[in-house]
Amino acid sequence: ERDYLLLAYKGGDKLYVPSDQIDSLRQYVGGETPALHRLGGADFAKAKSKVRSAVREIAQELVVLYQKRVNAPGHAFGHDSPWQHEMEQAFPYVETPDQRAAIDDIKADM
Numbered sequence: 002e003r004d005y006l007l008l009a010y011k012g013g014d015k016l017y018v019p020s021d022q023i024d025s026l027r028q029y030v031g032g033e034t035p036a037l038h039r040l041g042g043a044d045f046a047k048a049k050s051k052v053r054s055a056v057r058e059i060a061q062e063l064v065v066l067y068q069k070r071v072n073a074p075g076h077a078f079g080h081d082s083p084w085q086h087e088m089e090q091a092f093p094y095v096e097t098p099d100q101r102a103a104i105d106d107i108k109a110d111m
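Numbering (my numbering), first residue to last: 2 to 111.
These aren't lab readings, by the way, just hints derived from the structure by calculation.
If you're wondering where the values come from, they're calculated on a predicted model, not measured in any experiment.
Please note that a few of the clues may not be correct.
[What the hints assert, rightly or not] Using C-beta positions, here's what the derived DEER-type ranges look like: (1) Ala109 <-> Lys47: 43 to 51 Å; (2) Ala73 <-> Asp106: 47 to 55 Å; (3) Leu7 <-> Pro98: 36 to 44 Å; (4) Tyr94 <-> Ile59: 41 to 49 Å; (5) Leu7 <-> Met111: 18 to 26 Å; (6) Pro98 <-> Leu37: 49 to 57 Å; (7) Leu63 <-> Arg27: 14 to 22 Å.
[To be verified] Listed below are the simulated DSSO-like cross-link pairs for lysine-lysine, each with C-alpha atoms no more than 27 Å apart in a straight line: (8) Lys15 <-> Lys69; (9) Lys11 <-> Lys69; (10) Lys51 <-> Lys11.
Here a beta-carbon is modelled for each residue, glycine too, at the ideal position from N, C-alpha and C.
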């Protein structure tokens, strides 16, 4: 025997979601109460199409944004100078492996 979650739609339509698929549902977080539509009706299809278009638009904006970030001129830092090595050697503490990895990662990004 399986447990189900009941979703109610306009016109008495019902959709039973198996409890093992409940992670496919998301809580509505919009500002106002959403309009209910018939499951598979024209209004539902229209709303779904609008959402799909909005998602495509946002995705395109993100692609453009990240392309600009990739192409933006940045400052290339040179290799560590003798002064940098001297300062690191004078550091009075022993770095943990995680700290050493973080330092190496940051230098690689520079």
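Each hint, compared with the structure:
| no. | hint | verdict |
| --- | --- | --- |
| 1 | Ala109 <-> Lys47: 43 to 51 Å | 50 Å, holds |
| 2 | Ala73 <-> Asp106: 47 to 55 Å | 21 Å, violated |
| 3 | Leu7 <-> Pro98: 36 to 44 Å | 52 Å, violated |
| 4 | Tyr94 <-> Ile59: 41 to 49 Å | 46 Å, holds |
| 5 | Leu7 <-> Met111: 18 to 26 Å | 56 Å, violated |
| 6 | Pro98 <-> Leu37: 49 to 57 Å | 56 Å, holds |
| 7 | Leu63 <-> Arg27: 14 to 22 Å | 20 Å, holds |
| 8 | Lys15 <-> Lys69 | 46 Å, violated |
| 9 | Lys11 <-> Lys69 | 45 Å, violated |
| 10 | Lys51 <-> Lys11 | 19 Å, holds |
Comparing the model with each earlier hint shows violations of hints 2, 3, 5, 8, 9; every other hint is respected.
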